[in-house]
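Those protein sequence lines, which keep their order, are chains A and B.
Going by this note's numbering, the residue at position 659 of the first sequence is 1004; the numbering climbs one at a time, nothing skipped.
Going by this note's numbering, the residue at position 536 of the second sequence is 881; the numbering climbs one at a time, nothing skipped.
There could be a bad hint or two in this list.
A pair holds if it fits inside one copy or across any two, identical chains being indistinguishable in the list.
What the hints assert, rightly or not - EDC-like mimics (lysine to aspartate or glutamate), calculated; alpha carbons at most 20 Å apart, straight line:
#1 K765 <-> E722
#2 K961 <-> D995
#3 K799 <-> D733
#4 K765 <-> E793
#5 K765 <-> D720
#6 K595 <-> E555
#7 K927 <-> E487
#8 K776 <-> D720
#9 K685 <-> D605
#10 K776 <-> E731
#11 K799 <-> D605
#12 K776 <-> E722
#13 K918 <-> D379
What the hints contain is simulated information worked out from the structure, not anything from laboratory work.
Protein chains: 2
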Amino acid sequence: MAQVDWILKNAFVVCLDEGFLIYPRGAVAVRGGDILAVGEEGDITARFQARDTMDCGGRTLLPGLVNAHTHVPMTLLRGVADDRRLDVWLLGYVMPVEREFVSPDVVRLGTLLACAEMIRGGVTCFADMYYFEESVAAATAEAGLRALCAQTVLKFPTPDAASYEDSLASARDFIGRWRGHPLIVPSVAPHAPYTCTPEILRSCTDLAIEFDVPLHTHLSETSQEVEQCREAYGMPVIPWIKKAGLLEAKVLAAHCVHVDEGEIRTLSHARAGVAHNPSSNLKLASGFAPVRTMLEAGLNVGIGTDGPSSNNDLDMFEEMRLASFIAKGHSGDPTALPAKTVLAMATRLGARAMHLGEVTGSIEAGKRADLILVDLEGVHNRPHFERDPEGVYSRIVYAAKASDVTDVMVEGRWLLRDRKLLTIDLDPLLKEADDFARRVDAFLVTREGSLLSKLVAIEGAVQEESYEVQVKVRLPDPSAAETALASRLEILRRAHYHEFDTYFTFADESQDRLRYREDEFVEDDGSVSQVRYRLTLTGPAAEGEYEHSVLLSRSRFIAPATHSLRFYREYFKPEGEINIAKDRRRWLVHFRGEEFFVNLDRLTSPALEGAFLEVKSRTWSRRDAEEKARLIVDLLRELGATHAEPVTADYPNIMKDTGRS
Amino acid sequence: MAQVDWILKNAFVVCLDEGFLIYPRGAVAVRGGDILAVGEEGDITARFQARDTMDCGGRTLLPGLVNAHTHVPMTLLRGVADDRRLDVWLLGYVMPVEREFVSPDVVRLGTLLACAEMIRGGVTCFADMYYFEESVAAATAEAGLRALCAQTVLKFPTPDAASYEDSLASARDFIGRWRGHPLIVPSVAPHAPYTCTPEILRSCTDLAIEFDVPLHTHLSETSQEVEQCREAYGMPVIPWIKKAGLLEAKVLAAHCVHVDEGEIRTLSHARAGVAHNPSSNLKLASGFAPVRTMLEAGLNVGIGTDGPSSNNDLDMFEEMRLASFIAKGHSGDPTALPAKTVLAMATRLGARAMHLGEVTGSIEAGKRADLILVDLEGVHNRPHFERDPEGVYSRIVYAAKASDVTDVMVEGRWLLRDRKLLTIDLDPLLKEADDFARRVDAFLVTREGSLLSKLVAIEGAVQEESYEVQVKVRLPDPSAAETALASRLEILRRAHYHEFDTYFTFADESQDRLRYREDEFVEDDGSVSQVRYRLTLTGPAAEGEYEHSVLLSRSRFIAPATHSLRFYREYFKPEGEINIAKDRRRWLVHFRGEEFFVNLDRLTSPALEGAFLEVKSRTWSRRDAEEKARLIVDLLRELGATHAEPVTADYPNIMKDTGRS
C-alpha cells in the first residue's frame, strides 16, 4: 500500500473536474502538496496507508473556491463611502485615502485580514491587483493561500510609484524575485486601457511574455470606457487592446461587461481568461456581463468578488448565487447559468482564467491539494433531495453560506480546522485595522471639506496629465516670435481666444487653487463663435528647474463648469479672488518629433504692456517630460526669445507682484 | 423609577423610526411585550429599574427584520427542482408534489423549520400564504414569531380544498378563530388574478373587509401575466383588480414587477402595501421591479424572500443586499436604493406594507418588543469607519450575514440567545424533514416519467377548468336539433371543423390519456381556412351522475402541438393508438343565463351512421357546475333530444365497444 500524508474520508466528494464526478461516500488521498487520488472511500482506503486520517462526517468536500479578481488590501477600505456616484467615490474618497495611507505595512495588514476572511469562506486561491504587490505576495504566502499577485501600473502617480516607469521597474523586480514560488505567481497589471498609455500596455505585455507569467487587467467594465475608447481610437476596447499587443500575453481580464460577440471571439482566440464580478458590477452600476455568451464561446470565465470596497466583502458563496441570479434575471431565462455551471466557474474555470488550470480548481489526481469541507446540514439547507446526486450543486450555490465552511487545506496544509484559523492570529490584526480606520476617519473629516471633494461632488472632474513642462518669458515686442510661428515652425493647430479667468484663493495650507475660466473662441474675422466654461483645480506643485524651463509635477483636475460664477463663489467660499482677462493666441507646434503648445498672451484686464510667451507640454511620463524640458530651450531660441525676461510666477502671482489685482 | 422586565444596554441602537435615530451607546426598556423607551444608555438606566438587564457588549440592536412575503411550508421543497423552465418547475414538480404530500402535519413541520431558520437570521415577522394556513398559524405562534397568515384561495382544486368554495369557507373559519391573537393576524389570499375568477376576488375582498384583516396576494409578477390580463380584460393587472374590487381591502401585494407609473399611483391611492422579492424575481427570471419609483410614489415597499423553493432560503440579509444591488445595476445609478433605505424597507416599511406599521418594524416606545442583536465585529465586517454613524447601514446591508445575528426577541420573549434557539427543538424536526424528502424523492422518481412531466418538458401546457358538465346522445336523425339551433336558441358563436384525433393509450394504471388533434377550420363555402394542432392530457375523472348529464372533475392540460405526430409517438411511447376523424359543427349557446357548447358530430373515419350531439360546459366552480348539470336537461329538451340514446363513453371507448378501432 502506498504511503500518503492524509486521507480525508466519509465525505460527499464533488470533484468539479471535466466529467463532474461525484462520490457520495468518497475519499481523497493527499501526499505533500498534491492530490494523489480521489474515489470511492473503500477504494481509497484499500489503496493507501495514511499518516493522518480525517473523518469528514458526511460533509461535502469541494475543490477550494477561486476568487478570480480582487484587490485584497482594500479590505481596509470596506464601507468607507458607499452609495456614492462613481466619480465621487473614486476621486473624492478612495484615491485620496490611498494616496495618503497606502504603504507596505498597510498592504500587509489588509492582505492578512482578507486572507482570514477568504479562508473562513472557503477561498483557496485568488487573483489580486494592487500597489506594493510584493507585500500582498508575502502576506498571502504567510497565510498559506495561493494567489496570482499583479503589480499595478497606471499612467498616474500611485502610492508606490511617482511615475509609471518606476512601477514597471518594480514589477520587473517583483516578478524576478517571486517566480517559481509554490503558492505565489507574480504578475503585472496594467490597470486598464483608459488609465494606461499604449506604451504602458506594450511594456507590461513584454514583461509578462519575458517571464512567462499571466497579465492581469480590467477590460470593458463600463459603457463609458467603451465610448471613450471609440472616441479616442475609433474602435471598442477589445480590438484596441489587441492592436496594442496586450493579447499576446496570457491575459486575465476582469469584468468584460461591455463586449460584443466579435470581441468575445477575439478574447477566445487569444485564450484570455475572464473574471466576472457580479456584486461589483451591480453595486457600481457598471452593467450586466454577457456571461452565457462568453461561456458558449469557450472562454474560461471565473468569478471574482472585486475589492471589498465595491462589494463589501470577499464572500464567494454570495458571488456564486448572484452570478446565477442575475444571469437568469437579465436574460429572462430561469435555466440560465445553472448551479452546476456556476460552481464550475467558481472553481475549475476560475483557475483556468488565471492560467492556473493545471494546478488547482478541481479534485483530480495530480493537482495541488486545495480542498474545502462544507457543512450543508444547517437548518437553512435542509432537507436534501437525493434522487439526483447533482442536487448538491443547487444546495451549494443557492442555499449554502460562507459560514458553512468548516475546514480548508491549501497545498496539503491545513489553514482552517473546525472553523479555527491556523495560520493567522486575528485579534491583533483587527485592533490594527481599527486604528487604521480611526486615522482614515480623521483624515476624511478634514478631507470632505477639500476643494477636490467639493468639486467632484457637483461636477464630473477628470484628472489631467501630472507632468507639466513649461517656460514663460515676457516680450516687450512679440513680433519675432510671431514671424517664427507664421513661417519657420511646423504648426499642427492654431486657435484664438478671449480668456476671462477668476482664480479662487484659499487661506488654508493645502495651496490648492481653483480657476473658473470662460474661453471665447475668436474666428479669423474677429467674431466669437462659441464660449466654453471650465473649472480647473491644481494642487501644490513639486518643481524641477532646467536651464530655462520648469518641470512641474502636480495633480490637476478639469471639470466642465455647468453653474454660474455666483454659484461657485457661494459653494466654494474662497478667501479671495483674482480676475484676469487676456487675449490668447495658441499654436500646437511640432518640433523635433515632439509636440508643444505655444501661447502668446496680451493681458487686457488688468492691462499690461507687451506680451507673454508661454511654451508648455503635458505628459504622463517622467522620462518624456525630462526630454521635453531639454528640447524647450531650442524651441525658445527658434522663437527668438532666448534673451527675454523669464517669468516664473503664474498670472495671479504676477498680478499680486505688480500690485494690480 | 418605573419598573420594567428588561433593559438591553451597551448597544449600538439603530431605531429605523421615521427620524432614523441612532444611539451609539444606547439602551431599550421592555415591559411585557412592549417597548417602553429607547434612548441613551445613561438616560434609560436612570429612568427604569429592570427585573433583568442584558449587556449587549456593543453589538448592534435593530428592530427585527420583516419578511414581507413568503410561503414558509415550502421550506420542505427547498431545491427540489432548480434551474428548470417555469412551467416545468411548477406543473412538473411543485404542484404534483404538493397535491400528493401537503397535509396539516407537513405544513406544521415546514413552518417550524422555517421559523427556526428565520429566528436564526433575525426575522421576527413574516407574511405567509399557503394551504392549511391554520397549521402555519399554530406552528408560528408556538415558535413565538409574529406573522400575517393568509389562507390561499385558487380556482384550481388545492391540497386543502376540492373547490374554491371550500377554500373560502375554511378561510372564514380560520379568520374567525384567530382574529385578535397577539402574534398572528389571520388573513385570506386570493392567489393571483390569473388563478382566481372575478367572483373569487370579490368574495375574498368581502371577507377581508368583514373581519377588517389584510388581504395577501400576488400581483403583476411576470410580463406574461400582464399580457394575459390585457388579452382577457383589455387592461393591465392593477386596473383590472381595481375594477374587480380588490383594492377596497387592505392589500399586501407581492411582486408588482410589471407595473407602470399609473398603476403605481393606483396602488398608492389605495394604500396597498408591496412586497419586493429580489431573489425570486431573478431566480424565476420574472423581471426587475420598479422599486425606486414605487418608493417615490409613497408606497410602503417591504422586502420578502418568497418561498424557499424559489430562493432557496429565508435569508433577509441576502435579500437586502440584492435589493440594493439590482436597483443600482438595473438603473445604472450606484446611488439607487442606498443601504439606509433598504434597511428601512426590511423593517418599518415592510411592517407597514403588511398593515402592521403600528405594531412592529422600528424601535419606538409603544411598539411591540421585536428586537434583534447583530454582531458586526466579524472579520468580514471590519474595520468600521465611524466618522458618520450612518455607516452602520452599509455594514448591515452590504457585509453582515444572517449568521451574525446572536439574539432575537419577539413580543418581549427571547427566541434566540447567544445563537441558541429557545422555542424550537430542531433535531427531531430535521429528521422528520429528511424522511419527508426521501418520500418525495421516491414519488418523483416515478413521477418524472409521467405523461404530464413529459408534456410540460417540451410544450407550454396550460391547466383547464377542472369541472366539466357534459351529456352525449346518439341521434339517428339530427334534423330536430339542427332546426332548434338554427331558429329557437340564442347563438353566441358558431364554428365548423374537420377534426382528426389520435389518442395515445398507456398500459399503466394512471389512466392518463393524451390526444393529438388537428382541427381544420371549415368556412361556409366548404374551404379550409386554417389548421390548429393541439395536445390534450386528461387525468382520470371523478364522476357524478345527474338526470341525463355527467359532472366530471378531472385535471386537463392543453398545449399547442408544435411537433409532428411521429415525434410525439416516439417521445411518449404509447402502448396503443386510436384514430378518429369527424365532422364537427359547434355552437356556443346562451341558455337561461348560462353558456353551453353544443357539438354535432358525424364520424367519418371509422364511419358511423347518424350523429352525436354533445352539450358541454367547463367551469372552475363546483356550485356553478351543479347548476349547469341541472339546466342541461332542459337544453336537451329544447334540442329535441330527450329521448335519444344516451352515450356515456367517449369516442375512443365507443370505437373500442363497436370493435371498429
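Okay, the hints, checked on the actual structure:
no., hint, verdict
1, K765 <-> E722, "both (19 Å within a copy, 16 Å between copies)"
2, K961 <-> D995, "within (13 Å within a copy, 96 Å between copies)"
3, K799 <-> D733, "between (58 Å within a copy, 18 Å between copies)"
4, K765 <-> E793, "neither (40 Å within a copy, 44 Å between copies)"
5, K765 <-> D720, "both (15 Å within a copy, 18 Å between copies)"
6, K595 <-> E555, "within (12 Å within a copy, 70 Å between copies)"
7, K927 <-> E487, "neither (62 Å within a copy, 82 Å between copies)"
8, K776 <-> D720, "between (30 Å within a copy, 16 Å between copies)"
9, K685 <-> D605, "neither (25 Å within a copy, 36 Å between copies)"
10, K776 <-> E731, "between (45 Å within a copy, 15 Å between copies)"
11, K799 <-> D605, "neither (37 Å within a copy, 37 Å between copies)"
12, K776 <-> E722, "between (34 Å within a copy, 11 Å between copies)"
13, K918 <-> D379, "neither (65 Å within a copy, 50 Å between copies)"
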